[in-house]
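Chains A and B are the protein sequences, given in the same order.
Last residue of the first sequence: 255 in this note's numbering, with the numbers rising by one and none dropped.
Last residue of the second sequence: 270 in this note's numbering, with the numbers rising by one and none dropped.
None of these hints come from the bench; they were simulated from the model.
Built from N, CA and C at the ideal position, the CB exists for glycine as well.
Don't take every hint at face value.
[Stated by the list, open to error] Here are the simulated lysine-lysine pairs, PhoX-like style, with alpha carbons at most 25 Å apart:
#1 43/B - 5/A
#2 161/B - 88/B
#3 85/B - 5/A
#4 5/A - 33/B
#5 5/A - 184/B
#6 219/B - 5/A
#7 161/B - 52/A
#8 148/A - 161/B
#9 5/A - 161/B
#10 88/B - 150/A
#11 184/B - 148/A
[What the hints assert, rightly or not] Facing chain A, from chain B, some residues (calculated, C-beta under 8 Å):
#12 12
#13 31
#14 192
#15 195
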Amino acid sequence: MRLIKRFYILAIIAFLYAPILFLMFFSFNQGKYSGNWEGFSIHWYVKLFNDKQIMKALYYTVLVAVLSSAAATILGTMAAYVIFQMKLRTQKLVLNVNNIPLLNPDIVTGVALMALYASINLRLGLLTMLLSHITFSTPYVVLSVLPKLKQLSKDTVEAALDLGATPFQAFTKVILPEIMPGVIAGALIAFTLSIDDFVISFFTTGNGVTNLSITVYSMARRGISPEINALSTLMFTTVITMLLIVNKRIEVKDI
Amino acid sequence: MFKKLSGTPYMLWSIIFIIVPLFLVVFYAVSTKDGDLTFGNFKRFADPIFISVTVRSIYIALLATVVCLVLGYPLAYGITSVSPKYEKLLVILLVLPMWMNFLLRTYAWQSLLGRNGMISSLLKLVGLGRVELLFNEGTVLLGMVYNFLPFMVLPIYTVLKKIDTKIIEAAEDLGANKITVFMKIVLPLSVPGIISGITMTFMPAVSTFVIPALLGGGKYTLIGNLIEQQFLLVGNWNFGSALSVILMLIVLISAAILYRYDKQEERVNI
């Protein structure tokens, strides 16, 4: 029984990893087709870095992720602070609106935003993609900051106000340091969502502005392209390295 | 003053970017190209072609959800019963693929199953000749299960982890065998995890257009593909919006059913 259990767990883990490892392995293949090993080579990586389209997409992906997560963090933190102080009924209403982008299928959010930009004659491009990313990631910031605010004791804020702090000072000097873990978590979620988004970006960008997901999609639709294998390898190793660093830092702090 | 001002930006933002766009979609859905009100878009949807695409979308998403549940529940259960050291590692291993770009994960299967891919090459080595394994219902289902399986396992695992072992011990002391303990205690207590697992698998599966586009090769159309085509290829935003409204209704109805089931379970537990 224990043997079956172990075998089952390992089989599913293998199922999850086989395609990724397969891509990574064949990114070093000389030939074009995976499944046909023609010798070791890094020329797909060279090709990848010389591909202007992919490099431009990488630039836009990072640019949009940095800008949209920064904007979403500020917007969402401020909103959470106000929602926290609202009456229960208004709070519920505002949170329901906040949840719409989370529950709505991405494709509907995408076409709805596309319709909005068309109705105000905004040309699809970098700006519209940025606005869309802020729209779908701010709700997550609100949801990750709000629980931290609820843990906050009201007395500390009142004490600060009694001692002569302005509401703005009370927010920056007393509340913000307390809710910082939630703010950082929200910022990280916003950043990851933006980096990973395909569907909403696909409908709300244009004019030659694309991100990595869109580039991968259009390349994959044209058929197999080993440059994508090289790209996958680089992205996956980046993610693993980042996770290892974060894990290390947490462990050091624990000690 | 600061209190009032700090909230205004996001309130305004959600009105402009969340509420107005949804109203626009509904408006497009019930109007003609010239802006006259009509139900024509929904009447057009009643065509057997579109109905069958919608039924197929629901069917394949349900199938993917069932497969994920059948594969995922034993996995979640298995992970809770290994030693803590391996448990942590297994959870990390389960989460890690989700950090890899969704498009790349789907593309991986495209290159595995394609005519010149790994599996086809292996079959040729055995002497069976090259085969095209892509572009059918099976590969679309595979793509869904592969992408959404962790979404099913993680909520179930979290709930199983929270079950008080004392309850299980008590049942065993009172003479229940392993099967009874599982059927009468573990399974009912894990229903909330199953419900959120089903939600997190079914919702993205029913609305996806990437998986059928890459693994179905355009031969296997789901409602998501129809919406994409209407907006980006055909340019009929009115009909596309009507399809979007129908997709939203499917999601809302399934959420309502699941929510009710969740509530009933809670009452039973009390």
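Handout entry: residue 31/B as an interface hint toward chain A, with CB separation required under 8 Å
Key = Check failed: Cβ of residue 31/B comes no nearer than 12 Å to chain A, outside 8 Å.
Handout entry: Restraint status (C-alpha distance of residue 148/A to residue 161/B at most 25 Å)
Key = holds, 24 Å
Practice task
Would you check the hint for residue 161/B and residue 88/B, treating anything up to 25 Å between C-alpha atoms as holding?
Solution key: Satisfied, since the Cα-Cα distance of roughly 12 Å is no more than 25 Å.
Practice task
Starting from residue 5/A, check that the Cα of residue 184/B is at most 25 Å away, please.
Solution key: holds, 22 Å
Exercise for the section: Compare the distance between the alpha carbons of residue 219/B and residue 5/A with 25 Å, and conclude whether the hinted pair is satisfied. Expected result: violated, 38 Å
Handout entry: Pairwise hint evaluation, residue 148/A against residue 184/B, where the allowed Cα distance is 25 Å at most
Key = violated, 37 Å
Handout entry: Given hint residue 161/B paired with residue 5/A - CA-CA distance at most 25 Å
Key = Since the Cα atoms of residue 5/A and residue 161/B sit roughly 17 Å apart, the hinted pair holds (cutoff 25 Å).
Handout entry: Pairwise hint evaluation, residue 5/A against residue 85/B, where the allowed Cα distance is 25 Å at most
Key = holds, 17 Å
Problem - Pairwise hint evaluation, residue 33/B against residue 5/A, where the allowed Cα distance is 25 Å at most - result: This hinted pair is violated, its Cα atoms lying about 59 Å apart.
Problem - Given pair status - residue 150/A, residue 88/B, alpha carbons within 25 Å - result: The given pair, whose Cα atoms are some 30 Å apart, is violated under the 25 Å limit.
Problem - Straight-line alpha-carbon gap residue 161/B to residue 52/A, limit 25 Å - result: Cα-Cα ~48 Å, so violated.
Practice task
Grab the minimum C-beta distance from residue 195/B to chain A and call the hint holds if it beats 8 Å, violated otherwise.
Solution key: violated, 15 Å
In terms of the numbered hints stated before, the structure departs from hints 1, 4, 6, 7, 10, 11, 12, 13, 14, 15, listed from lowest to highest.
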